[in-house]
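Chain by chain, the residues run as shown.
Protein chains: 2
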Amino acid sequence: MHVDIGNALASVASPGVSRESLERLDDQVADAHERIERGMANADHGYESLNLPQRTDPDEIRAAVEPVADAEALLTVGIGGSSLGAATIANALDSDTETVFLDNVDPEWVTAHLDRLPLENTAINVVSRSGTTAETLANFLIVREAFESAGVDWTERTIVTTGESGPLRDLATRHDLPSLKVPDGVPGRFSALSAVGLVAAAVCGHDLEALLEGAAAEAETLTGSLFECPAYAYGATTYALDQRGAGTNAVMPYAESLETSAEWFAQLWAESLGKDDLGQTPARALGVTDQHSQLQLYRAGPRDKLVTFVTPREGPDRPIPETDVEDLAYLGDATLGELLDAEFEATEASLAAARRPNVRVEIERVDEYELGGLLYGMEAACVLAGELYGVNTFEQPAVEWAKKATRGLLGGGEFEEAEAVAEKTELRVER
Amino acid sequence: MHVDIGNALASVASPGVSRESLERLDDQVADAHERIERGMANADHGYESLNLPQRTDPDEIRAAVEPVADAEALLTVGIGGSSLGAATIANALDSDTETVFLDNVDPEWVTAHLDRLPLENTAINVVSRSGTTAETLANFLIVREAFESAGVDWTERTIVTTGESGPLRDLATRHDLPSLKVPDGVPGRFSALSAVGLVAAAVCGHDLEALLEGAAAEAETLTGSLFECPAYAYGATTYALDQRGAGTNAVMPYAESLETSAEWFAQLWAESLGKDDLGQTPARALGVTDQHSQLQLYRAGPRDKLVTFVTPREGPDRPIPETDVEDLAYLGDATLGELLDAEFEATEASLAAARRPNVRVEIERVDEYELGGLLYGMEAACVLAGELYGVNTFEQPAVEWAKKATRGLLGGGEFEEAEAVAEKTELRVER
Numbered sequence: 001m002h003v004d005i006g007n008a009l010a011s012v013a014s015p016g017v018s019r020e021s022l023e024r025l026d027d028q029v030a031d032a033h034e035r036i037e038r039g040m041a042n043a044d045h046g047y048e049s050l051n052l053p054q055r056t057d058p059d060e061i062r063a064a065v066e067p068v069a070d071a072e073a074l075l076t077v078g079i080g081g082s083s084l085g086a087a088t089i090a091n092a093l094d095s096d097t098e099t100v101f102l103d104n105v106d107p108e109w110v111t112a113h114l115d116r117l118p119l120e121n122t123a124i125n126v127v128s129r130s131g132t133t134a135e136t137l138a139n140f141l142i143v144r145e146a147f148e149s150a151g152v153d154w155t156e157r158t159i160v161t162t163g164e165s166g167p168l169r170d171l172a173t174r175h176d177l178p179s180l181k182v183p184d185g186v187p188g189r190f191s192a193l194s195a196v197g198l199v200a201a202a203v204c205g206h207d208l209e210a211l212l213e214g215a216a217a218e219a220e221t222l223t224g225s226l227f228e229c230p231a232y233a234y235g236a237t238t239y240a241l242d243q244r245g246a247g248t249n250a251v252m253p254y255a256e257s258l259e260t261s262a263e264w265f266a267q268l269w270a271e272s273l274g275k276d277d278l279g280q281t282p283a284r285a286l287g288v289t290d291q292h293s294q295l296q297l298y299r300a301g302p303r304d305k306l307v308t309f310v311t312p313r314e315g316p317d318r319p320i321p322e323t324d325v326e327d328l329a330y331l332g333d334a335t336l337g338e339l340l341d342a343e344f345e346a347t348e349a350s351l352a353a354a355r356r357p358n359v360r361v362e363i364e365r366v367d368e369y370e371l372g373g374l375l376y377g378m379e380a381a382c383v384l385a386g387e388l389y390g391v392n393t394f395e396q397p398a399v400e401w402a403k404k405a406t407r408g409l410l411g412g413g414e415f416e417e418a419e420a421v422a423e424k425t426e427l428r429v430e431r
Numbered sequence: 001m002h003v004d005i006g007n008a009l010a011s012v013a014s015p016g017v018s019r020e021s022l023e024r025l026d027d028q029v030a031d032a033h034e035r036i037e038r039g040m041a042n043a044d045h046g047y048e049s050l051n052l053p054q055r056t057d058p059d060e061i062r063a064a065v066e067p068v069a070d071a072e073a074l075l076t077v078g079i080g081g082s083s084l085g086a087a088t089i090a091n092a093l094d095s096d097t098e099t100v101f102l103d104n105v106d107p108e109w110v111t112a113h114l115d116r117l118p119l120e121n122t123a124i125n126v127v128s129r130s131g132t133t134a135e136t137l138a139n140f141l142i143v144r145e146a147f148e149s150a151g152v153d154w155t156e157r158t159i160v161t162t163g164e165s166g167p168l169r170d171l172a173t174r175h176d177l178p179s180l181k182v183p184d185g186v187p188g189r190f191s192a193l194s195a196v197g198l199v200a201a202a203v204c205g206h207d208l209e210a211l212l213e214g215a216a217a218e219a220e221t222l223t224g225s226l227f228e229c230p231a232y233a234y235g236a237t238t239y240a241l242d243q244r245g246a247g248t249n250a251v252m253p254y255a256e257s258l259e260t261s262a263e264w265f266a267q268l269w270a271e272s273l274g275k276d277d278l279g280q281t282p283a284r285a286l287g288v289t290d291q292h293s294q295l296q297l298y299r300a301g302p303r304d305k306l307v308t309f310v311t312p313r314e315g316p317d318r319p320i321p322e323t324d325v326e327d328l329a330y331l332g333d334a335t336l337g338e339l340l341d342a343e344f345e346a347t348e349a350s351l352a353a354a355r356r357p358n359v360r361v362e363i364e365r366v367d368e369y370e371l372g373g374l375l376y377g378m379e380a381a382c383v384l385a386g387e388l389y390g391v392n393t394f395e396q397p398a399v400e401w402a403k404k405a406t407r408g409l410l411g412g413g414e415f416e417e418a419e420a421v422a423e424k425t426e427l428r429v430e431r
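In order, the protein sequence lines correspond to chains A and B. Position 364, counted from 1, in the first sequence is what this note's numbering calls 364; the numbers after and before it change by one each time, with no gaps. Position 398, counted from 1, in the second sequence is what this note's numbering calls 398; the numbers after and before it change by one each time, with no gaps.
By construction, these hints were calculated from the structure, which means they are not laboratory data. All of these numbers come straight from a predicted model, not from anything done at the bench. Please note that the accuracy of each hint is not assured.
Repeated chains share a single entry, so a pair holds when one copy, or any two copies, can fit it.
Unchecked claim - Calculated pairs, EDC-like style, for lysine to aspartate or glutamate (alpha carbon to alpha carbon, straight line, at most 20 Å): (1) 404 x 326; (2) 404 x 417; (3) 424 x 362; (4) 404 x 327; (5) 404 x 414; (6) 181 x 156; (7) 181 x 164; (8) 424 x 414; (9) 424 x 338; (10) 404 x 333; (11) 181 x 94; (12) 181 x 31.
All chains, full assembly: derive it from the sequences and hints.
Now the structure itself:
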């Protein structure tokens with residue numbers, strides 16, 4: 001990926017960061033880079049994620065999915081980091097295989113998917129490191145039953161990705177299912193370039209080697225200076241802007257195919273950096289659509305935002321037909337891609353003209369190689385930002401409380417968290 | 001809708017608002033309500049939106065869509081307020097008619113939709129108040145051409161919703177197309193309960209009367225006190241929390257069918273209140289999915305957020321099959337709906353336990369009547385908040401700059417904004 005932080009400079013924007021401050025920050029980047037390199041070399045928890053381009057074996061993943069390689073549809077049962085990386089890749093790239101991600105426990109929605117899918121030609125991809133994630137296991141039990149009711153043998157169509165032990169591992173062994181391992185030392189939100197993210201890509205027939213090569217090329221750029229490494233330029237700039245008041249980071253891809261990448265980024269950023277009362281709040285946006293929704297706020301609301309544009313340099317195009325409506329004749333001289341590009345440049349300039357900081361992240365095009373680079377680059381940016389904040393990037397302790405309360409409420413054990421639910425303070429205003 | 005602001009009180013959360021402060025704020029609410037009532041009585045620009053339950057004529061809308069009532073699919077061509085209200089209703093409610101919203105100008109994505117849809121059984125719903133919106137007109141020219149290429153007469157399958165005059169109005173007249181009017185005094189983001197939002201609902205066979213009756217029932221609750229009116233309770237509480245530091249409002253429906261409503265809300269809030277360096281930033285979330293993505297940040301990140309839960313009190317359910325995995329046996333005793341409810345209550349309590357403000361907005365179920373109430377209630381909440389902020393709720397001046405720049409870049413006239421694009425400050429870090 002390429003990064004342009006010109007519109008985040010203090011000469012352009014407020015909040016903004018001066019070149020001098022960036023140069024001072026670069027000393028911290030050099031120190032952080034040493035810690036990151038050491039963590040990678042020691043395969044330390046979390047840092048190991050940045051070794052995935054070397055560690056992941058595409059042949060092993062392809063072998064596991066071989067029994068379902070001809071599936072018409074792939075149903076991935078997973079949530080959070082067990083779903084978002086795979087969905088980002090699957091939704092970005094064209095494939096004849098339909099992909100559905102069962103990442104919620106809404107009964108009506110789950111039923112609608114199961115009623116609609118051609119189960120006899122659908123493969124199941126169940127993903128949970130612990131093998132105990134309540135949402136994933138509940139959905140998997142329902143999916144299995146739906147396959148059985150339809151007379152389809154789910155054991156012939158299921159791939160399991162889980163940890164070394166646990167209920168899902170036991171189940172895979174008992175039914176002799178093809179299975180892959182969630183790599184050690186890699187938190188879910190950093191696992192897109194492991195089996196967790198790549199099983200769906202393999203079933204869809206995407207080029208796993210190109211995904212990993214793109215990521216490896218991005219890894220090559222990790223050096224001790226933000227001025228030489230796009231990932232560090234992005235991570236350091238977002239950190240510096242947050243420190244100066246830009247507590248929100250609105251990520252706005254200018255391509256429908258990259259819409260899910262903004263959701264993936266939002267998890268990466270929120271779960272990694274949102275702790276100790278610190279962390280930038282990711283907001284998911286989409287160009288050009290949100291020019292007619294969020295742009296008013298971004299340009300004229302509080303000065304607490306950075307807008308991150310993510311844009312491919314090239315892509316498919318389509319001419320706009322000519323029109324006899326005089327006022328609109330200019331459209332007929334252009335292509336839809338030119339309109340998209342002009343809207344992007346106009347929006348970027350409109351924020352700069354209002355002195356609102358923004359950063360441009362570019363990839364050459366939306367393909368496996370570039371996507372691998374983007375995913376890896378954003379992960380490295382996040383790891384660097386975590387070093388600069390001084391937080392534990394790779395843990396997510398705040399999600400545990402609600403898990404225990406949920407389990408307690410459903411009778412899965414005694415938890416004091418469940419009792420707190422009953423003590424809710426109410427101030428109700430009813431219709 | 002029903003609103004519970006108990007978890008936004010200062011006794012529970014920080015930032016939070018004390019009961020005394022709410023009582024003082026209620027005097028401002030009373031004054032604001034008088035201005036709102038006066039604006040409604042005078043049909044003043046913007047305030048007129050709150051009269052839509054009385055003004056909109058369902059028969060007129062049904063008559064306009066009658067020629068395409070049997071369509072298999074409906075392609076709505078519109079962007080921002082010309083799309084989001086219609087999409088919110090269509091995506092919330094079941095229908096045999098497939099609905100697609102062409103609200104972006106990504107060439108690959110537009111082409112994929114046109115290649116996939118059964119054009120001979122697809123109706124077109126083109127919506128633009130001015131009739132000159134570049135994205136909508138460009139897409140409409142492309143859609144027309146695709147229909148012609150497929151040998152389908154688009155003039156027999158197109159419904160136009162636009163202002164009294166302009167290129168789209170002329171086109172509707174020239175081709176004798178069924179057409180409806182974007183009502184005067186109603187900004188796009190407040191137009192869900194007019195023809196703008198209801199044409200798609202009518203083609204899908206939804207109960208327009210129930211939508212409007214639900215909205216009318218919500219209108220009945222507008223009184224001079226936040227303690228008696230759910231909409232004002234919500235608008236006043238979000239305003240008070242923003243003043244006390246909760247600059248972000250994360251809207252988190254606990255129903256897949258309401259996911260689009262969070263996008264609709266985000267436009268309503270951002271474009272109405274984001275001006276004069278004021279306004280709360282909406283963030284779109286989804287329960288339970290985002291418990292595994294955003295919850296860490298909401299519970300342990302900066303104390304600058306309010307979380308708004310939107311939840312139906314009842315809905316379809318589905319049992320979770322029993323399992324022989326001992327550790328997961330508790331799941332098999334529950335339904336998926338009970339798991340969803342437990343996760344919601346646990347998440348709400350987990351935020352309260354960390355003293356993070358949150359508000360619960362409830363509807364009885366996801367149907368036309370309740371949806372009409374929710375849309376109307378949130379609009380009234382937004383109008384009230386605009387009064388409290390003292391901004392011009394019904395304008396969106398900051399989106400004009402980029403429109404002019406886009407037009408200039410495409411050769412549609414001389415605009416100084418287009419020249420500013422070329423002057424971009426760069427600081428590039430390349431791979």
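Tested hints:
no. : hint      : in the structure
1   : 404 x 326 : between (64 Å within a copy, 17 Å between copies)
2   : 404 x 417 : within (6 Å within a copy, 55 Å between copies)
3   : 424 x 362 : between (47 Å within a copy, 16 Å between copies)
4   : 404 x 327 : between (61 Å within a copy, 14 Å between copies)
5   : 404 x 414 : within (9 Å within a copy, 62 Å between copies)
6   : 181 x 156 : within (19 Å within a copy, 56 Å between copies)
7   : 181 x 164 : within (7 Å within a copy, 62 Å between copies)
8   : 424 x 414 : within (19 Å within a copy, 60 Å between copies)
9   : 424 x 338 : between (54 Å within a copy, 19 Å between copies)
10  : 404 x 333 : between (60 Å within a copy, 17 Å between copies)
11  : 181 x 94  : neither (26 Å within a copy, 39 Å between copies)
12  : 181 x 31  : neither (33 Å within a copy, 62 Å between copies)
The structure is inconsistent with the numbered hints 11 and 12, although it conforms to all the rest.
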